[in-house]
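Q: Note that the protein sequences, when read in sequence, are chains Z and H.
Here the working numbering is used: the first residue of the first sequence is 1, the next is one more, and so on.
Here the working numbering is used: the first residue of the second sequence is 1, the next is one more, and so on.
Since the hints were made in silico from the structure, they are not lab data.
Treat the hints with caution; some may be incorrect.
For identical chains, the list gives no copy identity; a pair is met inside one copy or between any two copies.
To be verified - Taking lysine-lysine pairs in the DSBU-like style, the calculated list, with each CA pair at most 35 Å apart, reads:
1) K70 / K3
2) K263 / K181
3) K3 / K181
4) K255 / K181
Number of protein chains: 2
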Amino acid sequence: MSKRMGAQTVSLPSRPGVLAFASIVGQKESEGPYGGKFDRIIEDEMNGQKSFEAAERAMLEDAVRLCVSKAGRQLSDVQLLLAGDLLNQIISAGFAARSLAIPFYGLYGACSTISESLSIGGMLADGGFADVLVCATCSHFCTAERQYRTPLELGTQRTPTAQWTVTGSGAVMLAGGAAAKSCAAVLTHATCGKVLDLGITDANNMGAAMAPAACDTIAAHFADTGRGFDDFDLVVTGDLGHLGRDLLIELLREKGVKVPEEKLFDCGCEIFSPRQDTHSGGSGCGCAASMICAHILPELEAGHLNRVLFLATGALLSPTTTMQGESIPGVAHAVALEHRKAGA
Amino acid sequence: MSKRMGAQTVSLPSRPGVLAFASIVGQKESEGPYGGKFDRIIEDEMNGQKSFEAAERAMLEDAVRLCVSKAGRQLSDVQLLLAGDLLNQIISAGFAARSLAIPFYGLYGACSTISESLSIGGMLADGGFADVLVCATCSHFCTAERQYRTPLELGTQRTPTAQWTVTGSGAVMLAGGAAAKSCAAVLTHATCGKVLDLGITDANNMGAAMAPAACDTIAAHFADTGRGFDDFDLVVTGDLGHLGRDLLIELLREKGVKVPEEKLFDCGCEIFSPRQDTHSGGSGCGCAASMICAHILPELEAGHLNRVLFLATGALLSPTTTMQGESIPGVAHAVALEHRKAGA
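This is chain Z alone, in the form it adopts within the complex (with noise of 0.2 Å):
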């Protein structure tokens, strides 16, 4: 049974269930709006490892296993792990998976890696593939910047536009089947985007590079399902930053939808605070994926949202393009959840 609507969308008509899931971030995000949310803070940007790579791997596997023990399972339950992250050859979450030793399928959407492994783990929880499974994601401020900027040692100033790679993880675990039932939220579609590039070359504007991506997946979201911001309490982007979440309602407008600005919630714009002096705010694979596990998957659950549409977006560059004068190609994936009623 075909169960595709339109070109880019997929239903789920079994409804996977959220069974659980965990959040971990650092000191600075801690600081923030949310910092009461989250399930843990580390206590320093080492934490207690031996360099940035090694914190950050560890934060992932913290956050799993937190997930699985807020379920009431054992590692040895989850048939699968669907997880990335930022650094080169997505060693966090490839050693990660080493340690928690469940099986691993390697994900990279850059930071809509999040969004991208809900809507392939939704689909293999729906398909009768896996029974209980986890989509997992991280980043890490310090690991993010030498990679892909400049050693902090070297103090460079940032741009108005940059924005501020959250130190991260989230795990959020699926439930197909039988054990679906009992779940408060549920995954009903996947959108899958496209990649589209406008031509932006600044890597220091990602929010801009990644916005035509988030509005081209909301439109094919709405044109496959007949559905429209009305349909939705939120619709939850991931890190766009305030320059691109203004470039996203207008680049809406463009395509004639109305928005509701109230309903754009981006996780990059809403994990910092203004005093906090991160510019465009936050970022990275670990912005989406703590901010869901802190935020809207606990709103979804208790009922206070009814029925939300969550994008994290990418920038799929990497320092060897952007050195070879490419611009910078941006992707979006698109889960809709819902809360269920007890009973319903």
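Using the hints provided, position chain H relative to the given structure of chain Z.
A: Showing chain H alone in chain Z's frame:
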């Protein structure tokens, strides 16, 4: 309905089909024993582009286009592209997806990426989430050398255990639903690998680092399905190379598995001839991908092979983890492929 079989395997009861496939390789690969079987040979390592990276990306794009045209389809018929490569931030796949304009999920499993994409693609096709999708990957000797090892200009001597990264790309079009019924080669099972690490720290001995994962995934597939070597005409590994293949045989025998050596076909051992002086053989995402498209899938379609277990293996290291003294984790994902007689 659960499609799970044992701890790591799923069945694909609707038998997604292989609609078409295409391979493109470099000059050196064209001079190997399978040289006459590849669809297209690129003129030189620049492939008409300005950088090795752009050359690699163009090869991947061309392989997808060629695969689509061999199926008598248009790019716009393809609902999903599942692709990845070895370069940081999988830029070959991301930028190819930009040009091809196909909705895209990025994957990373190092050299296991082609069997990861066939596994996920097979599940999505079987589950009704895609009727027509393409799984693709690529690698390029010159991009891999400068990213993972040393600049080519240095002329560094290679160690005896080293493998030669294949310049090549392979693309496989899968069909679900009604379109699958006409296919002579079909997917029947997928086994997701665990990340294993026996402590190899020599980044010039990837075969040894990947062999334990290959052994584990073969054993898991056999345990989950009740099958063994007797049930397969070939067990095709990705790029263990000569040393890794020998080690795999040893590890399987330690587990009590009887190994008929003539049934173990390693793409890395086969793609080059000994006189080509590639030391332990070929490697890279493009090795297994181009070899299955050039040799294994045609043999399955023709019925010269009846049933094959195909597992590409990946080493999940990065230069950073190596410099930080970490050992090399490996992973292997398997798909079982069968010939289907006309009308069956």
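Q: Which hint numbers doesn't this structure obey?
A: Result: hint 4 breaks, nothing else.
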